[in-house]
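Peer 1: Using the sequences provided together with the hints, build the complete structure.
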Amino acid sequence: MYFQKKSGELLYVDVDQTLDLLQKATEQEDYVAELMTLIGENHPSYHIFKRIDPSERMTRTGIIEQLVSILRKHDIYQQYLKGLERGRGV
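The letter at position 18 of the sequence shown is residue 17 when you use numbering that gives the first Met the number 0, and the numbering goes up by one with no holes.
Keep in mind the hints are simulated off the structure, nothing from the lab. You may find that some hints are simply not true.
Calculated cross-link-like contacts (lysine-lysine; reagent style DSS-like; alpha-carbon spacing at most 25 angstroms) [said to hold, decoys possible]: (1) 72 <-> 23; (2) 49 <-> 23; (3) 72 <-> 49.
Since we're looking at a predicted model, the values are computed, not measured.
Peer 2: Set out below in structure tokens:
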């Protein structure tokens with residue numbers, strides 16, 4: 000889903016892949032638990048799914064909706080920056 004620098008800056012987000020993953024987590028009750036098993040405890044996103052998994056359905060949906068909102072804002076901002084770079088000839 001993403002790569003990080005040591006400084007913690009977000010370098011890359013595959014928006015479509017992440018939105019698909021969050022959609023599945025919303026629709027399928029066991030998806031988060033299966034995903035946690037698949038990615039393992041050392042994955043940088045594991046702690047997020049660990050918080051989501053035991054949550055009640057409404058709480059889980061709220062958390063996922065917030066993550067989607069943050070992701071969309073990030074994507075819009077990245078597109079804006081790319082537009083600025085193109086305008087400068089960079």
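Peer 1: Indicate, hint by hint, whether the structure satisfies it.
Peer 2: To see whether the hints hold, each was checked on the structure:
| no. | hint | in the structure |
| --- | --- | --- |
| 1 | 72 <-> 23 | holds, 20 angstroms |
| 2 | 49 <-> 23 | holds, 16 angstroms |
| 3 | 72 <-> 49 | holds, 24 angstroms |
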